[in-house]
Amino acid sequence: SQKIEQNSEALNIQEGKTATLTCNYTNYSPAYLQWYRQDPGRGPVFLLLIRENEKEKRKERLKVTFDTTLKQSLFHITASQPADSATYLCAGSSNTGKLIFGQGTTLQVKP
Amino acid sequence: EAGVTQFPSHSVIEKGQTVTLRCDPISGHDNLYWYRRVMGKEIKFLLHFVKESKQDESGMPNNRFLAERTGGTYSTLKVQPAELEDSGVYFCASSPSSPRLGLARNEQFFGPGTRLTVL
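Protein chains in written order, with this note's numbering: chain A, 1 to 111; chain B, 1 to 119.
Any given hint could turn out to be false.
[Unchecked claim] What follows is a set of in silico ranges between Cβ atoms, one per label pair, in the way DEER data are often shown: (1) A:N95 <-> B:T73: 22 to 28 angstroms; (2) A:N95 <-> B:S27: 22 to 28 angstroms; (3) B:G40 <-> A:K110: 21 to 27 angstroms; (4) B:T70 <-> A:E56: 31 to 37 angstroms; (5) B:G28 <-> A:E52: 24 to 30 angstroms; (6) A:E52 <-> B:P81: 40 to 46 angstroms; (7) A:N12 <-> B:G72: 43 to 49 angstroms; (8) B:G40 <-> A:D39: 14 to 20 angstroms; (9) B:T117 <-> A:S1: 25 to 31 angstroms; (10) A:Y28 <-> B:G72: 26 to 32 angstroms.
[To be verified] Distance condition first, Cα-Cα at most 30 angstroms in a straight line; then the derived DSS-like pairs of lysine-lysine: (11) A:K57 <-> B:K15; (12) A:K59 <-> B:K15; (13) B:K78 <-> B:K15.
Hints in this document: simulated from the structure, not taken from any laboratory. No residue lacks a Cβ here, since even glycine has one placed at the ideal position from N, Cα and C.
Work out the full structure: start from the sequences and follow the hints.
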């Protein structure tokens, strides 16, 4: 079945460093990969979308890559801050709009 | 602009009872989605409305779940009768349709979720 996999272990980094989160997909060729942020008790909030024909997308301190050969997306947060601490969700989608989510990776940025 | 709202925020019911969850999407958004996250698992798609029509209900677990979107505005998701395994957080999301291509824009706006506990 179509699957999006993220590292379920929490990622702990020091403030100011770059956080890199990984998203892999199997049995699936998403037209888009999206990244959402989720804080406890809240719904996911959209951050970035990258299309399958795009290699890289940037938005402020965020960068996303899409490697269709490796079937992988990397999500980077540069100059990380404690306020970046949250769970980050990777989701695949096609033109139908339905999202297939990974389990999410929890990021903890320590001051 | 008001975001997606969901009601109630929490619901605790006994097995066999009925519960109805409500979602109010962002005004003007034709697309409305229901998702669910059960403990320890990823968020999973349930169904997708375009206006008042069900576009995709492939994620609905079984016929105890009934979703409606009368008039293409708010949506309800009814679980009847509820079972223990229905416990989880139910999210609603909405998105606009692309006026140019007639396709759904991909960014989805999520509500805060309804936490359902079935005892």
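Taking the hints in turn, this is what the structure says about them:
1. Evaluation of the 22 to 28 angstroms hint for A:N95 and B:T73 yields a pass: the beta carbon distance comes to about 24 angstroms.
2. A C-beta distance of roughly 24 angstroms is found between A:N95 and B:S27, which places it inside the suggested range of 22 to 28 angstroms.
3. A hinted range of 21 to 27 angstroms for the beta carbons of B:G40 and A:K110 is consistent with their spacing of about 26 angstroms.
4. The beta-carbon spacing between B:T70 and A:E56, approximately 44 angstroms, falls outside the hinted interval of 31 to 37 angstroms.
5. In this structure the hint that B:G28 and A:E52 lie 24 to 30 angstroms apart at CB holds, the actual value being about 29 angstroms.
6. Taken as a hint, the range 40 to 46 angstroms holds for the pair A:E52 and B:P81, whose Cβ atoms sit roughly 43 angstroms apart.
7. Taking 43 to 49 angstroms as the suggested C-beta distance range, the pair A:N12 and B:G72 conforms, at roughly 45 angstroms.
8. For the pair B:G40 and A:D39, the beta carbons lie near 19 angstroms from each other, so the given range of 14 to 20 angstroms is met.
9. The supplied range of 25 to 31 angstroms is met by B:T117 and A:S1, whose beta-carbon atoms lie about 28 angstroms from each other.
10. Range check, A:Y28 to B:G72: about 31 angstroms between beta-carbon atoms, so the 26 to 32 angstroms window is met.
11. Proposed proximity of A:K57 and B:K15 is contradicted: the alpha carbons are some 47 angstroms apart, above 30 angstroms.
12. With a C-alpha separation of about 46 angstroms, the suggested pairing of A:K59 with B:K15 is violated against the 30 angstroms cut-off.
13. For the suggested pair B:K78 and B:K15, the alpha carbons sit about 14 angstroms apart, so the restraint of at most 30 angstroms is met.
The structure fails to meet hints 4, 11 and 12 from the earlier list, while all remaining hints are met.
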